[in-house]
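**Q** Residues per chain, in single letters:
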Amino acid sequence: MKANLKYNAAWLGVMVLGFVVIDACEFLGIINSFIENMLVTIGINIILATGLNLIIGFSGQFSLGHAGFMAIGAYATGIITQTLVTPIGFYLSVVVGIVIAIIAALIVGIPTLRLRGDYLAIATMGAAEIIRILINNLKITNGAAGLFNIPPLVTWATVYVFMCVTTIVTVNFIHSRSGRAVMSVREDEIAAESMGINTTRWKLAAFVFGASTAAIGGSLHAAYIQTIAPGDFNIMASIAILIIVVLGGVGSITGTFIAAIVLGTLDTVLQNFGTLRMIIYSLALILIMIFKPSGLLGTWEFSFKRLGSRQRKEQSVHE
Amino acid sequence: MQTIGQQLINGLSLGSIYALLALGYTMVYGIIKLINFAHGDIYMLGAFWGYFVINKLHFNFLFAMLSAMLFCALVGVIIEYFAYRPLRKSPRITALITAIGVSFLLENGMTYFFTANTRNFPQAIQTVTYHIGGIRISNIQLLILGTACLLMLLLELIIKRTKMGKAMRAVSVDPEAAQLVGININHTISFTFALGSAMAGAAGVLIGLYYNSIDPLMGMTPGIKAFVAAVIGGIGSVPGASLGGFLIGLLETAVQAVGLSAYKDAVVYFVLIVILLVLPAGIFGKKTKEKV
Amino acid sequence: MSSPLLTAQQIVKSFGGLTAVANVSVHFDQNELIGLIGPNGAGKTTLFNLLTGVTPVTSGAISLYTDQGVQSLNGKKPAEIAQAGISRTFQNIRLFKELTVLDNVRIAMTNHYREGFFTSIFRTPKFYRTEADMTTAAQKLLAIFDLTGVADQPAKNLPYGIQRRLEIVRALATKPKLLFLDEPAAGMNPEETADLTRLIRQIQHDFHITIVLIEHDMSLVMNVVERLYVLEHGALLAEGTPSEIQQNPAVIKAYLGGEA
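So the protein sequences, as listed, match chains A, B and C. Letter 120 of the first sequence, counting from 1, is numbered 120 in full-length UniProt numbering, and no numbers are missing. Letter 66 of the second sequence, counting from 1, is numbered 66 in full-length UniProt numbering, and no numbers are missing. Letter 226 of the third sequence, counting from 1, is numbered 226 in full-length UniProt numbering, and no numbers are missing.
Chain A extracted, bound-state conformation (with noise of 0.2 Å):
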């Protein structure tokens, strides 16, 4: 319990920290509207890849529609905040967002998450796209056009505190008895069930925890960026997601971070080079994985615990 409290502490330092250190960087001027921009790319990235992570990574189940719940959250911040221009009226967005992403998860979810593999993340995607062609068509959402003009209630702050939560919860789950659930089910399908696990159960648990964070990432991007069209949730963006995941290694937290952050910076980087730009990061991508085909950490995880048990064995050698 007490060393719980250590390691929590810790991680609580290591939050406080980043944010003292971004914040301090914004004051002296490091940081101009260009890296800002940056910066909240790759925290909103963050909470998209970490909930996908949870969904490919510890349920090992194949799902390539994540942007169609994106779309979820963005649309509803979009809508809600153009009447209730408050924070109050953010918050509630994300709410509304959670909820309805959490309702279409378990409307694609129940039926497809039977299927297995390809026919999945297949399946997955064409639900995606289902949600993308209705927001096109209706009215409330602006059609085709999308939403313009969504009232800047988002800081680069808020982005943060919100990467942190996001990935606190969704740690905490993977490192409790649900998670646990969740990972039987993608070592051995067949053996959970038989261990009473109910396999279809714990499946929609955690494709409806990615969808509800991913909402949470829509309704940052919309009321941080205030443009949002249907076209800006497709498939390629369900497939950036994915390309983060597998580059950091699939099942690995600390490598979703990491991936994220190379990406971000990269994409940044090469804004320099105009046109070549995408030739050079789709050279990257291939080389990372002809090199790296377990991704930059494999399933590699940073762990306080760990790195204090080593210091503990590593001083009783030394006495």
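By construction, these hints were calculated from the structure, which means they are not laboratory data. Wrong hints could be hidden among the right ones.
The list that follows gives simulated cross-link-like pairs (lysine-lysine, BS3-like), each with its CA atoms no further than 27 Å apart [stated by the list, open to error]:
#	chain 1	residue 1	chain 2	residue 2
1	B	160	B	264
2	A	6	A	305
3	C	156	B	89
4	B	33	C	175
5	C	97	A	292
6	A	139	B	264
7	A	292	B	89
8	B	291	C	175
9	A	305	C	76
10	B	163	B	286
11	B	33	C	126
12	C	77	B	286
13	C	97	B	89
14	B	33	A	292
15	C	126	C	77
16	B	287	C	175
17	C	156	A	292
18	C	126	B	291
19	A	305	C	126
20	C	97	A	305
21	B	286	B	89
22	B	287	C	126
23	C	76	B	287
With the hints as your guide, set chains B and C onto chain A.
**A** Leaving out everything else, chains B and C in the frame of chain A:
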């Protein structure tokens, strides 16, 4: 009745393009279990090849198509050799991401060298429209349908009757056992890519002629649709891919005909999900059950 | 006569035209140790799969006798059957390979502990208490079976014999009343088989449960079990004590063959 007949013709023409593309997806998936995301872009390369050889080298249509097939087959083999072969023992999701990377590379490379502008495809064959019983049918449509059916027949013969076809089927069932009986896996996989890419190349030239416009991103949407067609037909099954392609073509045209063109893709995906829920491995797919 | 725990009446399983299990009726009583033998392809594992719900029966009735009365298991999913008190191991070991030994056992305890969603994602004191309880219970079980030393190892790193043992421990962690062991001695040397024999006796004695085992190792079967069922071609050939079975002419002819 007439409009139904008309839509049937339109749907079949579009469907045969999807079918040609779906064949490439299904063969590659059957043999190395990879969703070859770059397949739609090979089709784009085929269209561009046709554009250049007709415009610059003044090839006639037949030579343009045959050379595009040859060119695309070569590109497919090269891509497999450099990007996919090193990953054969890696997690499948890694190979998928690599395929996406290759797709980005082809799209953006073409945009970089030839700009993103849409080009008019040269009309190598003068369009002639026939009126049969009130139904309009162009010689291009007939050409597309005929060529697609001929190529599919040829493919079926290659797979069923030739030694290489037998090797392809053996590798897709059990690569290790195939290797033990002396089949060269690398050659077989290269051949599969060549065959699939050649089909895509032909489809590219045909679509250029049909729609009269090409651009570097033209492969994206038809690629995804063709993959959906392959899944509906039962991925890994060659007749399944043809059937799936025609089904999607007909479905899209039908939805458009009843005035719901905005929901065209949504209907396709909805049908996909429903078919998968009823037949989890597609129409001709084999159901596999894990042995306990 | 002891009270029954599970009965299967006239169960049939056909795959297409092939009948894998034909009209088999068996009963397993409280705290009994039963063997299930037969040549390869006789339908032993299929029978396990039917009784644990992995494959549904074509016809016939399966009933479980609990404190609350008789419960029909027909049409129940494997997870529900496991929760009702039936656990198993697999012929080809099916551990959660990438997870630690401790987690393998804790996963099997999932349904015995309540840990609400919000309790776990917000780490309330109740969360730490439940986790500690689960871990202690799992460690206790691991200690009984000499697995404490490898508790933090991923299951895939264990030697074959230990993996088999862990699979039995994982099955026990679900607190079953009935335990099915599918060829627990497969691939073991004589020494390991002797250990396993002791282990099975110990489990039956300490945990007061019914154990049914499929086994090819005759020394293990004849030494351990109280009663035997013999299957051949999907049908029940004989039933009786080990000595009765050893003298049964039909069994000698069909199965033990030249050995008798």
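**Q** All hints, please: hold or fail.
**A** Verification of the hints:
1. B:160 with B:264: With a Cα-Cα distance of about 36 Å, the restraint between residue 160 of chain B and residue 264 of chain B is violated, given a limit of 27 Å.
2. A:6 with A:305: holds, 9 Å
3. C:156 with B:89: holds, 19 Å
4. B:33 with C:175: Violated. Residue 33 of chain B to residue 175 of chain C sits at ~41 Å, over the 27 Å cutoff.
5. C:97 with A:292: Distance of about 23 Å is within 27 Å: holds.
6. A:139 with B:264: Status holds; Cα separation ~18 Å.
7. A:292 with B:89: holds, 12 Å
8. B:291 with C:175: holds, 26 Å
9. A:305 with C:76: violated, 42 Å
10. B:163 with B:286: Given that 27 Å is the threshold and the Cα spacing comes to 24 Å, the pair holds.
11. B:33 with C:126: violated, 46 Å
12. C:77 with B:286: Holds, at roughly 24 Å.
13. C:97 with B:89: holds, 19 Å
14. B:33 with A:292: holds, 20 Å
15. C:126 with C:77: The hint is violated at about 31 Å.
16. B:287 with C:175: Violated, at roughly 35 Å.
17. C:156 with A:292: Roughly 23 Å separates the two Cα atoms, so the pair holds.
18. C:126 with B:291: The given pair, whose Cα atoms are some 41 Å apart, is violated under the 27 Å limit.
19. A:305 with C:126: At roughly 21 Å apart (the allowed maximum being 27 Å), residue 126 of chain C and residue 305 of chain A satisfy the hint.
20. C:97 with A:305: Holds: residue 97 of chain C and residue 305 of chain A sit about 23 Å apart, inside 27 Å.
21. B:286 with B:89: holds, 24 Å
22. B:287 with C:126: violated, 45 Å
23. C:76 with B:287: Between residue 76 of chain C and residue 287 of chain B the Cα gap is close to 23 Å, so the pair holds against 27 Å.
In terms of the numbered hints stated before, the structure departs from hints 1, 4, 9, 11, 15, 16, 18 and 22, listed from lowest to highest.
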